[in-house]
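*Asks:* Sequence:
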Amino acid sequence: MHPNDILRAARLELPASAAAEITGADPTFASKFRAGEAAAAALAACGAAASDLWQLRGGRPQSVTVDVRAAAASLLGFAFQRLDGDATPRPAASVATVALYECRDGRWIHLHGAFPTHRKGTLEILRCGDTADGIAAAVKRWEGQALEDALAARGICGAMVRTSDEWLAHPQGQALAPLHAVEIIRIGDADPQPLPNADRPLAGVRVLDLTRVLAGPACGRALAEQGADVLLVSSPHLPSVEPFVIDTSHGKRSAFLNLDDAAEAETLRGLIRGADVFAQGYRSGAMERRGLGPDDVAAMRPGIIYVSINCYGHVGPWRERPGWEQLAQTVTGIAATDGSPERPKLIPAAACDYTTGYLAAYGAMVALAKRATEGGSWHVRASLCQTAMWLNRLGATCDPAASTGVGDPNDLMTETDTPFGRLAHLAPALHLSETPPRWDLPTVPLGMHAPEWAP
Numbered sequence: 001m002h003p004n005d006i007l008r009a010a011r012l013e014l015p016a017s018a019a020a021e022i023t024g025a026d027p028t029f030a031s032k033f034r035a036g037e038a039a040a041a042a043l044a045a046c047g048a049a050a051s052d053l054w055q056l057r058g059g060r061p062q063s064v065t066v067d068v069r070a071a072a073a074s075l076l077g078f079a080f081q082r083l084d085g086d087a088t089p090r091p092a093a094s095v096a097t098v099a100l101y102e103c104r105d106g107r108w109i110h111l112h113g114a115f116p117t118h119r120k121g122t123l124e125i126l127r128c129g130d131t132a133d134g135i136a137a138a139v140k141r142w143e144g145q146a147l148e149d150a151l152a153a154r155g156i157c158g159a160m161v162r163t164s165d166e167w168l169a170h171p172q173g174q175a176l177a178p179l180h181a182v183e184i185i186r187i188g189d190a191d192p193q194p195l196p197n198a199d200r201p202l203a204g205v206r207v208l209d210l211t212r213v214l215a216g217p218a219c220g221r222a223l224a225e226q227g228a229d230v231l232l233v234s235s236p237h238l239p240s241v242e243p244f245v246i247d248t249s250h251g252k253r254s255a256f257l258n259l260d261d262a263a264e265a266e267t268l269r270g271l272i273r274g275a276d277v278f279a280q281g282y283r284s285g286a287m288e289r290r291g292l293g294p295d296d297v298a299a300m301r302p303g304i305i306y307v308s309i310n311c312y313g314h315v316g317p318w319r320e321r322p323g324w325e326q327l328a329q330t331v332t333g334i335a336a337t338d339g340s341p342e343r344p345k346l347i348p349a350a351a352c353d354y355t356t357g358y359l360a361a362y363g364a365m366v367a368l369a370k371r372a373t374e375g376g377s378w379h380v381r382a383s384l385c386q387t388a389m390w391l392n393r394l395g396a397t398c399d400p401a402a403s404t405g406v407g408d409p410n411d412l413m414t415e416t417d418t419p420f421g422r423l424a425h426l427a428p429a430l431h432l433s434e435t436p437p438r439w440d441l442p443t444v445p446l447g448m449h450a451p452e453w454a455p
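Residue numbering for the sequence shown follows the numbering used here, beginning at 1 and increasing consecutively.
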C-alpha cells in the first residue's frame, strides 16, 4: 500500500511522486487499532523526507519501503533486545502505581507513578501503601473526575478513561482536533542554508537531543540513522529507564548537563549556537521558563529547527500536564475502544510513543529542507495525543483474534558491541535504496561523553 493511504488520516500526505511503499498489514498486535500500519507510514514519511534531503545534496531519488511487521516490532524494541544473550531488565511497568483502576462511580483511571516523585505523590493523594490491593481500595473511594483533578492539581501523572466521543467533546480534544499529527511552523527569519554534498541525507547536521523516555529519544534515533550527529544531553539528577536508554540511544553520543548550574546552562547555550536541530520533550512552558523556548532558541541560533514533543499537545488547557503513553491511550478513547468503557484495555505496545518520535523526525527533516530552500527558523510540534487521535481516525477495524504477532524477531535483528556489552537489537525498519539507514555509533550509557560537538 502507499503510505498516503494511512497518512491522510493524520492530515499528512507525501507528494504523489514519492516512491514509497508499505508491505504487510495489521493486525500485528492483539488490538483493534492499526498501530503497525501507522508506525510503518510514519517511518515511510521519514524515508521520503530523507530522500528529499538527499536530492537537495545532489543525490538520486530513492525508493522507500517499510514492512508493517518490522515497524510493529519497533514499537516494542526494548522488549526484544538481548544483552550478552540475556534480556535487558524490563521497565517497571508492573508496579502498582502504573495501572488502570476502577473508581467509585464506575469510571476508570490510569495512574502513572513510574518515577519516584510521581509514585510518592500518587500514594500521598490516595493515602495508601504501594500495593495493588491497597491502591484499588483507595481509588474506589474516589469519583473518577475528582481523582483526575486532584492528581493534576498536584502535578502528578494520571488520567480518567474517556470514550473517543468524550475526548472530542473535551476542551483539550477540541483544541487538538483540527491539527495535523505533526505541525511544522515558521517562527523566525533566517537566510537559506543549503546542504553541501555528503554521503548521507543528514551528514553534518547537528541535533541537540534534550529528551527522555521513548518518544523524543526515538526522534533523535531516527535522525541518527540518516547520518545526523546527535548529542543527547541529560541531567544527572533525573531518573531514567535503562532498557529504554539502550533501545533509543543508537547512533548518539551522550552527555550530562545540570541546567540549574549557571555555567552548565551556558554550556548548553553554546551547544545550541552550533546546532541545526534542538529537540526537547519537557511539558509545555518548562523550557520557556528557562529561557529556552522556541523564540529564545531561534534568537540564539537563527535557522534552528526546534522540535517539541509532549503528551497532551502544545495548545489547549492540558498543554502543561505531564503524561505518558498509557495516558494518551486512556484519554483519547483508545483504551475504551480496545476494551470497553467498563473494562478498558491498552494496545500492547508503545504505539503512541515511538510513532510520535517518527513523526517528529519526519517534521524535522521537512523543516531542514525548507530551511535549505527558503530559509527561516522552524518549530516542529508533535504529541502522543495527536498520534492517538490519528489512530482513532484510522478506525478500530482490526480483529484482535486475527493478530499474527511479530513472531520470532531474529530476522529483524542485528548485533553491536556496546559499552553495555554485546547487544542484539532491532535493525532500522526503514529501507532506502541509495542510502540504507544505519547507526554509526553504538548505544551508550547516559553521560558518557563531554558536552561538546564532535569535530
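The hints are simulated quantities; they were obtained by calculation from the structure and are not laboratory data.
Fair warning: this is a prediction, and the values are worked out from it, not measured in the lab.
Check each hint, because a few of them may be wrong.
Stated by the list, open to error - Under the rule of at most 20 angstroms between Cα atoms (straight-line distance), these lysine to aspartate or glutamate pairs were calculated in the DMTMM-like manner:
{"id": "1", "residue 1": "Lys-345", "residue 2": "Asp-189"}
{"id": "2", "residue 1": "Lys-120", "residue 2": "Asp-149"}
{"id": "3", "residue 1": "Lys-370", "residue 2": "Asp-189"}
{"id": "4", "residue 1": "Lys-370", "residue 2": "Asp-295"}
{"id": "5", "residue 1": "Lys-345", "residue 2": "Glu-166"}
*Asks:* Each hint: holds or not?
*Replies:* Checked hints:
{"no.": "1", "hint": "Lys-345 with Asp-189", "in the structure": "violated, 46 angstroms"}
{"no.": "2", "hint": "Lys-120 with Asp-149", "in the structure": "holds, 17 angstroms"}
{"no.": "3", "hint": "Lys-370 with Asp-189", "in the structure": "holds, 12 angstroms"}
{"no.": "4", "hint": "Lys-370 with Asp-295", "in the structure": "holds, 18 angstroms"}
{"no.": "5", "hint": "Lys-345 with Glu-166", "in the structure": "holds, 17 angstroms"}
Comparing the model with each numbered hint stated earlier shows that hint 1 is the single one that does not hold.
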